[in-house]
Amino acid sequence: MAQVTYIEAINQAMTEEMERDQRVFVLGEDVGKRGGVFRATDGLYDKFGKERVIDAPLAESAITGVGIGAAMYGMHPIAEIQFADFILPAVNQIISEAAKMRYRSNGDWSCPITVRAPFGGGIHGALYHSQSIESVFANQPGLKIVIPSNPKDAKGLLKSAIRDEDPVLFFEHKKAYRLLKEELPEEEVLTPIGKANQVLQGDDITVITYGLMVHYAKEAAKELSEEKGVSVNLIDLRTVYPLDQESIIEAANHTGKVLLITEDNKEGSIIGEVSAIIAEHCLFELDAPIKRLAGPDVPSMPYASTLEKAFMVNQDKIKDAMLELALF
Amino acid sequence: MMNKHEKLGLSDDDVLEMYRLILTARRVDERMWLLNRAGKIPFVVSCQGQEVQQVAASFALNRDRDYSAPYYRDVGVVLAMGMTVKELMLQAFAKAEDPNSGGRQMPGHFGHKRLRMLSGSSPVTTQVPHAVGVALATRLSNDPAVSFVTLGEGSSNQGDFHEGCNFAAVHKLPVIVMVENNQYAISVGLGDQVACEKISDRAKGYGMYGETVDGNDPFDVYRAVKEAHDRAKNQEGPSLIEAVSYRLTPHSSDDDDSSYRSQEEVEKAKENDGLIHFRNYLKEQNILTDEVEEEIETKLKEEIDEATDYADQAPYASEDTLYDHVYQTKGVN
Numbered sequence: 000m001a002q003v004t005y006i007e008a009i010n011q012a013m014t015e016e017m018e019r020d021q022r023v024f025v026l027g028e029d030v031g032k033r034g035g036v037f038r039a040t041d042g043l044y045d046k047f048g049k050e051r052v053i054d055a056p057l058a059e060s061a062i063t064g065v066g067i068g069a070a071m072y073g074m075h076p077i078a079e080i081q082f083a084d085f086i087l088p089a090v091n092q093i094i095s096e097a098a099k100m101r102y103r104s105n106g107d108w109s110c111p112i113t114v115r116a117p118f119g120g121g122i123h124g125a126l127y128h129s130q131s132i133e134s135v136f137a138n139q140p141g142l143k144i145v146i147p148s149n150p151k152d153a154k155g156l157l158k159s160a161i162r163d164e165d166p167v168l169f170f171e172h173k174k175a176y177r178l179l180k181e182e183l184p185e186e187e188v189l190t191p192i193g194k195a196n197q198v199l200q201g202d203d204i205t206v207i208t209y210g211l212m213v214h215y216a217k218e219a220a221k222e223l224s225e226e227k228g229v230s231v232n233l234i235d236l237r238t239v240y241p242l243d244q245e246s247i248i249e250a251a252n253h254t255g256k257v258l259l260i261t262e263d264n265k266e267g268s269i270i271g272e273v274s275a276i277i278a279e280h281c282l283f284e285l286d287a288p289i290k291r292l293a294g295p296d297v298p299s300m301p302y303a304s305t306l307e308k309a310f311m312v313n314q315d316k317i318k319d320a321m322l323e324l325a326l327f
Numbered sequence: 000m001m002n003k004h005e006k007l008g009l010s011d012d013d014v015l016e017m018y019r020l021i022l023t024a025r026r027v028d029e030r031m032w033l034l035n036r037a038g039k040i041p042f043v044v045s046c047q048g049q050e051v052q053q054v055a056a057s058f059a060l061n062r063d064r065d066y067s068a069p070y071y072r073d074v075g076v077v078l079a080m081g082m083t084v085k086e087l088m089l090q091a092f093a094k095a096e097d098p099n100s101g102g103r104q105m106p107g108h109f110g111h112k113r114l115r116m117l118s119g120s121s122p123v124t125t126q127v128p129h130a131v132g133v134a135l136a137t138r139l140s141n142d143p144a145v146s147f148v149t150l151g152e153g154s155s156n157q158g159d160f161h162e163g164c165n166f167a168a169v170h171k172l173p174v175i176v177m178v179e180n181n182q183y184a185i186s187v188g189l190g191d192q193v194a195c196e197k198i199s200d201r202a203k204g205y206g207m208y209g210e211t212v213d214g215n216d217p218f219d220v221y222r223a224v225k226e227a228h229d230r231a232k233n234q235e236g237p238s239l240i241e242a243v244s245y246r247l248t249p250h251s252s253d254d255d256d257s258s259y260r261s262q263e264e265v266e267k268a269k270e271n272d273g274l275i276h277f278r279n280y281l282k283e284q285n286i287l288t289d290e291v292e293e294e295i296e297t298k299l300k301e302e303i304d305e306a307t308d309y310a311d312q313a314p315y316a317s318e319d320t321l322y323d324h325v326y327q328t329k330g331v332n
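Chain order of the listed sequences is A and B.
According to numbering that gives the first Met the number 0, the first sequence is numbered sequentially starting from 0.
According to numbering that gives the first Met the number 0, the second sequence is numbered sequentially starting from 0.
The set of hints was computed from the structure by calculation and includes no laboratory data.
Have a look at the derived ranges for each label pair, beta carbon to beta carbon:
#	chain 1	residue 1	chain 2	residue 2	range
1	A	Leu189	B	Val187	47 to 55 angstroms
2	B	Asn156	A	Asp20	36 to 44 angstroms
3	A	Glu50	B	Asp319	43 to 51 angstroms
4	A	Lys49	B	Asp229	19 to 27 angstroms
5	A	Ala278	B	Gln312	43 to 51 angstroms
6	A	Asn252	B	Asp319	30 to 38 angstroms
7	A	Asn252	B	Gln312	47 to 55 angstroms
8	A	Gly228	B	Glu318	48 to 56 angstroms
9	A	Val90	B	Lys298	45 to 53 angstroms
10	B	Arg62	A	Pro140	33 to 41 angstroms
Quick look at which bits of chain A chain B covers, simulated, 3 or more residues with Cβ under 8 angstroms:
#	segment
11	70-81
12	88-95
13	98-106
A short list of chain A residues far from chain B (calculated; beta carbon distances all over 10 angstroms):
#	residue
14	Lys32
15	Val36
16	Val135
17	Gly201
18	Lys217
19	Glu226
20	Lys265
21	Ala278
22	Cys281
23	Leu282
24	Pro288
25	Lys290
26	Ala309
27	Phe310
No experiment lies behind these values; they were computed from the predicted model shown.
Just so it is clear, CB atoms sit at the ideal spot from N, CA and C, and this is done for glycine as well.
Using the sequences provided together with the hints, build the complete structure.
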């Protein structure tokens, strides 16, 4: 069976959902003839036509707001924001409108839109093509935020997001697009939103993370297991808002030692909330202080290789943090 | 010789019904101010001075099929699209039975799915892209409906106005954007909001049709919106209609307009009140006889009295509904 990359999995998810449901369409910058600047929508324009794969004018609030209007009508639009860094002009539409639509209309209206955006660094994207932007949206009830860490989940979670009757922000890691590949099952892949995934079972330390960091944590855990015999319990959050509290609590209690990892700036990030959940529920099961590994609190990721490398959390930094916690 | 309304294809009954709705909007609004000043409802944001354009524009739509995205002053629009006086009072009193939001939103934040009326929020102009999205969806669904959206002139400075109009024009979507220019964005007058002569001048920049009409003249408004509706149906793209009138009340029940405009200016504007002109026209045409007028006013008073009592007595949402409708299902999936 052929290996499918992370971005091919995303393309497959959109293709299958557009074939299955006439209400699904794509709009965004360069998504049509060009097939997306990363090629996520490659082939869709030829297959489904310009009416359903819409090259929108360069205006993020309209891409999102027009999508919201279409979703209110009953469509299931996929709005692509070219880089997550450029989603900020659409924040009013996402937070004031999409997130609150069902609530403010007392359940009369709903907004089944999926907003896709490539995020994350390590690709020489500099300040405005590298950001992790999820924490901006991660205190907005009504929204769901999904970040897949592998091709199978990228496909399964995107299909679930498109079918969801509520707005979903779907952040795709740019570096994962072509780095990660795997065989996908023949049968339909549908991954539930709101459920974390146990990637590795282990008894010494628990690592909770999401996105590209899952891949690095997995590789680091393998090395550590071989070299030092440390057994890592690795949890992939998959949905970073609202969080799967049950899985987080269970995993923290299981080892009593927890390392939380994000590529985002540390303060105010997703893992701060994960940490609070563990502090609230697991205090007497903990054998070490909750440990956090995150990007530095500087405005964004610089362009120069030295600075980018210094910013990015990588496999080595994760391995060191894991070992330190294991030895605590 | 045909009179003004017959020339537009409107019957005597049509114009009388238009007048009745315009008057309903005015009388409901007046009652809400009384209720506010009596301490019965916390807030009013008013339609007074704009009812004529609101009802006339709505009458030019297909009210059984088209979508509307009204803004917070549109009591006339929502009445014409089918909202009842009782429903308006329920939203003023923030009661559970309010179809707009079940008392969750402030008054004037309209929305009614059965009436194809999009739910609105407080940050202004977000509804323009929504109306464009509805028009895009109607095209994808082969639905002949037209999308009608309103906003104030101050709101035409927002990015969402620009982004929405541009998108609609590029894709030639069946959208009618009506700017209700009432001369004031809270306290800031038109001259400090825009430097263009007319708001409709902005249409040219988007490559869409633009026209300014007298918002106090129901026939001018009706004609312009009807023509915009025809263009929309004929796949000729969106239209920007600017209806000019005057905000006769302060911005809201919390505003004091004497701090930024003179009483003389307001009194002068009242002489131009479209409601009075329309009434005079209907009297001259002998459509609104003294007898008919008395009947309308009496029935209206009864309807508003009943609606007020009903809404006043109706229950608030119970506390245990606080968590309802965050997501489709409780928890995630």
